[in-house]
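S.K.: Residue strings, one per chain:
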Amino acid sequence: MTAYIIPVIFLAVFAFAAYKKVKIYDEFSAGVAEAVKFTLSLIPCLAAIFMMCEAFEVSGLSDGLTKLLSPVFGALGIPPELTKLVLIKPFSGSGSLAYLTEVIEKHGADSYITRCACVCFGSSETVFYISAVYFAGLKNKKIAAPIVIVLISTFLTTVLACLLCRVM
Amino acid sequence: MNVIFTVIIIASLAVITVAAPDKLLTVLMGGAERSLQTAFSLFCIYALWMGLSRLAEKSGFSRGAARALKPLTKRVFRTENARANEFIAMNVACNLLGVGGAATPFAVKAVQELENDKNTFAQKLLFLINATSIQLIPSTVIALRTSANSAAPADIFLPSLICTVFSTAVAVTLFLITDKFRRRRR
Chain F
1 MTAYIIPVIF LAVFAFAAYK KVKIYDEFSA GVAEAVKFTL SLIPCLAAIF MMCEAFEVSG
61 LSDGLTKLLS PVFGALGIPP ELTKLVLIKP FSGSGSLAYL TEVIEKHGAD SYITRCACVC
121 FGSSETVFYI SAVYFAGLKN KKIAAPIVIV LISTFLTTVL ACLLCRVM
Chain X
1001 MNVIFTVIII ASLAVITVAA PDKLLTVLMG GAERSLQTAF SLFCIYALWM GLSRLAEKSG
1061 FSRGAARALK PLTKRVFRTE NARANEFIAM NVACNLLGVG GAATPFAVKA VQELENDKNT
1121 FAQKLLFLIN ATSIQLIPST VIALRTSANS AAPADIFLPS LICTVFSTAV AVTLFLITDK
1181 FRRRRR
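These protein sequence lines are chains F and X, in that order.
Residues 1 to 168 in the working numbering are what the first sequence lists, from first letter to last.
Residues 1001 to 1186 in the working numbering are what the second sequence lists, from first letter to last.
Next up, chain X with everything else stripped away, as it sits in the complex (with noise of 0.2 Å):
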């Protein structure tokens, strides 16, 4: 990142200085501003998910459904974190579900305990997973064009369903041969 951050940001600044020396404030501070304004309106999106991921957790809702997922995190994150598995569990069916929102904080979460235990293993696929987005329906994009009017919104449903497995399947194995070499290389 810091050095992905470097490049980019030192080759824009001195074309900005030699383009438009007088636009290069504007611009920094407009980047801060976005950023206050997405902290905003994800405030507003973790506040309400925080506090039902928490009430989930305190009735041991949450500890229901890792429990039914948990022989296939357990294998699959090569974790015995209880707690871990269980924001793993509810991060994958926020997941499933397309309450992208709700995943998270959850995932963070998860992040979090799995730092405990140094399993960064675990960390790498959890974001690879995330990263590479695993959603059913793609909600966004067929709203957007059934108000474009379009004749058919869902018809992208399997070709979209097929790309973000595609995608997901694509990450996971890459991660697990350059895994294999890291390890292999100790």
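Bound-form chain F, shown alone (with noise of 0.2 Å):
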């Protein structure tokens, strides 16, 4: 079912541009030139952010963390386990997801501590490169208040999630 939403999405548009006289190669084109301009936009926060996330990883200040934490999130019902993906999915989409397939392959697919991944996962995003995203091109870049609101419903969410796993 789902699998047609986004085809009869695409159909849709396009037909129905057709139907207004829309110059369709032109305007899409268009569509594609703001695409460039605005990757091209993004490309500085990106490799500035990278750059942060990779030497925090090689640092061992990531896995430090990772140890010094578990035991906290462990009194709020998070697994060990995942400490690792609650703490690297607001910089990491990709990273995270590596963690979340290598959590699957260790764990099993039905096992408590994948479900937990899975909510987790998804139902939280990578905020920091959301936010990077969002406000590149902008002047005003008091961005910190709603990245910390972001950041601390994601973690009571998370608590939420192990909680709702261990009965659902």
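Because the hints were derived from the structure by calculation, they are not lab data.
A few of these clues could be false.
[As the list claims (entries may be wrong)] Reference excerpt, derived from the structure (chain X facing chain F, CB under 8 Å, subset only): (1) A1056; (2) R1145; (3) A1151.
[What the hints assert, rightly or not] DEER-style ranges, computed between Cβ atoms: (4) X/F1040 x F/F10: 20 to 26 Å; (5) X/V1003 x F/L68: 19 to 25 Å; (6) F/Y19 x X/N1149: 44 to 50 Å; (7) X/A1169 x F/D110: 27 to 33 Å; (8) X/F1005 x F/V36: 22 to 28 Å; (9) X/D1179 x F/V8: 37 to 43 Å; (10) F/Y19 x X/V1007: 50 to 56 Å.
[Stated by the list, open to error] Which chain F residues face chain X? A few, computed with CB under 10 Å, are given here: (11) I6; (12) K21; (13) F56; (14) T66; (15) A75; (16) L76; (17) F135; (18) K139; (19) K142; (20) L164.
All figures in this text were calculated on a predicted structure; none of them were measured in a lab.
Beta carbons are placed, not taken as given, at the ideal position from N, Cα and C, and that holds for glycine.
The two chains are supplied separately, each in an independent frame; assemble them into the complex guided by the hints.
M.R.: Below you can see the structure in the form of structure tokens.
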């Protein structure tokens, strides 16, 4: 069922544009031109953030933080295996996806740990990446408060997710 | 962002300098390389969705969608800007359908449009909603579990839905509270 949603949207938009006599080739390429400009404007932010993430990972600080926080997370009902996922999700979508795959392989697809990890992964986003994308071209860069709010609510959600997976 | 970046990068670089000074350059260049790889795959997503969104915009397709959602978006985001409303409506629609890749370009256009009105309230609110994820169907994890031979790959659907609603609700509540405080201080 869900497989049809995207193709139908595409077809509908193209057909409707043709019906409205929009110059489809011209306008579509103009849209892609916007995408080129937009992607280019992202690269500086992405480069800086990824350098930070790599350095954070390789320096061992992220592992250190994982070890340090595991007992704290454990007290809140978050299994120690998930500490790393919770920590890297805000920074890296591909990194956390790789870690999620690892968790699934190690603990099986239907274990409590895997289900927790899946719910946490599915209900959170890569906050720092999104903030970079959304606010790339703006002068007003006072976005610390919203980022902190998102991190707090993501963390509370993780606690809730681990609780829900126990009973559901 | 500046503070977070400064703290993390200086701490990490200091540790690398002490522990493995020869690795420092490769690590940073690795990060730069990853940024280009990401930009590449992002471009593929944006190219098709921004092309499509332009068609939707020019043909009046998205105006129709926006009109249906407008009473809601207008009140929630406190904006009269018609174009911004249109982009916000498309962003919300894409999110609910689980087409995250399409949602982002609309959000970015909305944010830029709101910049003209200096409507930082709406910009931040839109960011919060998108950064706490409001997708209805967690398709990525369901696909992952299916390929790992799960007995019931979709049994996380309900907890996921509760969690994603919860996280957005918490974020929006916190934001409205802090926003009120900020206004009162002025």
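S.K.: Does each hint hold? Answer for all of them.
M.R.: Do the hints match the structure? See the list:
no.	hint	verdict
1	A1056	holds (5 Å)
2	R1145	holds (5 Å)
3	A1151	holds (5 Å)
4	X/F1040 x F/F10: 20 to 26 Å	holds (22 Å)
5	X/V1003 x F/L68: 19 to 25 Å	holds (21 Å)
6	F/Y19 x X/N1149: 44 to 50 Å	holds (46 Å)
7	X/A1169 x F/D110: 27 to 33 Å	holds (29 Å)
8	X/F1005 x F/V36: 22 to 28 Å	holds (27 Å)
9	X/D1179 x F/V8: 37 to 43 Å	holds (39 Å)
10	F/Y19 x X/V1007: 50 to 56 Å	holds (55 Å)
11	I6	holds (6 Å)
12	K21	holds (9 Å)
13	F56	holds (5 Å)
14	T66	violated (15 Å)
15	A75	violated (20 Å)
16	L76	violated (15 Å)
17	F135	holds (7 Å)
18	K139	holds (8 Å)
19	K142	holds (8 Å)
20	L164	holds (4 Å)
Taken one by one, the earlier hints fail for this structure at numbers 14, 15, 16, listed in ascending order.
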